[in-house]
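Hey, can you work out the whole structure from these sequences and the hints?
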Amino acid sequence: MVKRSLIVLMWLFAHLVQAELLIEVTQGKQSAIPVAVVPFSWNGSSALPEDISAIVTNDLASSGYFRTLGTASMITQPHQLNDVIYADWSRLKQDFVVIGTVELQADGYAVQFHVMDVHQQVEILRHRVKGKASQLRDLAHYISDFIFKKLTGVPGVFSTKLIYVTTNRERSRFNLNYADADGAREQLIYSSKHPIISPAWSPDAKKVAYVSFENGRSEIFFQELATGKRERVVAFDGSNSAPAFSPDGTRLAFVLSKLGNPDVYVMDLASRKIERMTNHYAIDTEPQWDVDGRHIFFTSSRAGGPQVYKLDTANKQVERVTFEGSYNARARITADGRKLVYVHKANDRFHIASQDVKSGLVHILTSETELDESPSVAPNGSMVIYAASEADRSILAAVSVDGDVKFRLPSKYGDVREPAWSPIFQ
Amino acid sequence: MQTTALYKTLGLAFGAMLISACASKGDVNDGAGSTVAPTATEQQAEDTNAVESTGVNGEALEAEANEAQAALREQTVFYFDFDQSTLKSEGKAALMAHAAFLAANPAASVVLEGHADERGTVEYNLALGERRSMTVRRFLMANGANGSQLKVVSFGEERPVMMGHDEGSYSKNRRVEVKYQSR
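Chains as they are written, first to last, in this note's numbering: chain A, 69 to 494; chain B, 5 to 187.
Treat the hints as calculated values from the structure; they're not laboratory data.
Small disclaimer: the values here were computed from a predicted structure and weren't measured.
Some hints could be false.
Derived pair list, reagent style DSBU-like, types lysine-lysine, alpha-carbon separation capped at 30 Å [claimed, not checked]: (1) A:K413 / B:K92; (2) B:K155 / B:K183; (3) B:K176 / A:K413; (4) B:K96 / A:K326.
What follows is the structure, encoded as structure tokens:
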């Protein structure tokens, strides 16, 4: 009992002083690449506000694509190219080594880093980035993105952001939060006594759309991230929900339910004109644009239970897309248009599944978590973040689209729900 | 539908009682439900008494019926099965009573608040909650309420009444709440 209280206390303390969300990698790739990120040198007199190389290490490890080496295991900790002894790193079974220096200059901080291929014994990447003190985390994520792209061929998403909703146990407070993709630097962007659901990013990542119940029913709002300016955009009689921006950002798909019949509509954002896209007595909801900007995936109960369908906005033809199981809903498409990710019920459990668009092959990605919902795909198509139930709480978890990599983002505050992964910031 | 039949039966029985009270003398006590066995003298001793007693009993019945209606209206939460929006039979008598009240009180209005359990997706559950509210709305309208008295809103899975992750909680969260705005 005492031990347990102590653990709870430690847990509370840890969560009070640390970031709101903390990444815990629960499963990495079998083929994770071994990489050593040597602590960067620093010429300043006082400690840096952020430990850049530690953030890079954490980024690479949390992606699941890399297995990072603890600093205690390093035989040497070089900062300059000439000091790298390849034989040491080879003995430690490392494939790559990252070294770097941080310098304080007149106009801010400059970070120079190098990536070495241990087997080829060559430098494969050298780069210098600059930023202000407040941007040290951004610099670190930028470096991580650079290294990730070089070593995997896939753009990194460490500089991207998340928005998500947190609620207290009593459901009397709903917060819309904005944070780094690793959960750090959480900021509250909107708070309400009334539910907030379905946040969605505009493709330019400058604003978010979401559904708020502040006026007693569901209505769609836009909020500019830089200014915090809010606008009520869709508030027709009935229920307004499920906003989704078209890939070019000029149109908004959403659901309007006049007297209990939810159908998919599209609004032209310049003229604010709306067009009805589906007209069926069943539930039609959760629209999501295909990458072509012409088709819309949506969930419909027209065959009884919820299934995913694809609508051609040009001629309003609808075809069914999911066939396995009695419950498939809330589809999201990867940026390359090749995988559809959705909520799938199997054996009375809700999990995240991916479906190959071409072959129709379905792969259930999650198994450890319960009541999985609200999948959102990273802009590089590598990971899916989703909400799940764990030990009586709702947490965020992530899984790679191939199911190999898994991590969780537990929060210190109540339930975390409805994550939306940002586009890559230009 | 069952309940409609029940009401009709009740109405018929009540009417029949009044008729029998006026028309006859022998079996009035049946209508009153008295347990006192009638004696010959009492039977002969007049219709007046009998009519009076039936009249009194009739009022009592009406009051009882009103009470029964009010008691039925105390049920304001109606439950649904998973992924279903069809009304269960056990809630119908109470909804009939709400409909009758709304029909008799045109100034009264209600909000029908639809909810879903946490399983499945957020937006689908929002639609499901609305479907459930609409089912209740249609039932109330079919039984005399006016559409303008009935406002429909769904909160999907956002406002559970029980926080557990089991059927015990889920079955209580899949619901429509009838909330009077004015009576």
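Verification of the supplied hints:
1. A:K413 / B:K92: 25 Å, holds
2. B:K155 / B:K183: It holds: about 10 Å lies between the C-alpha atoms, which stays within 30 Å.
3. B:K176 / A:K413: Given pair B:K176, A:K413 holds - Cα atoms ~21 Å apart, limit 30 Å.
4. B:K96 / A:K326: 25 Å, holds
Violated hints for the displayed structure: none, as all numbered hints are satisfied.
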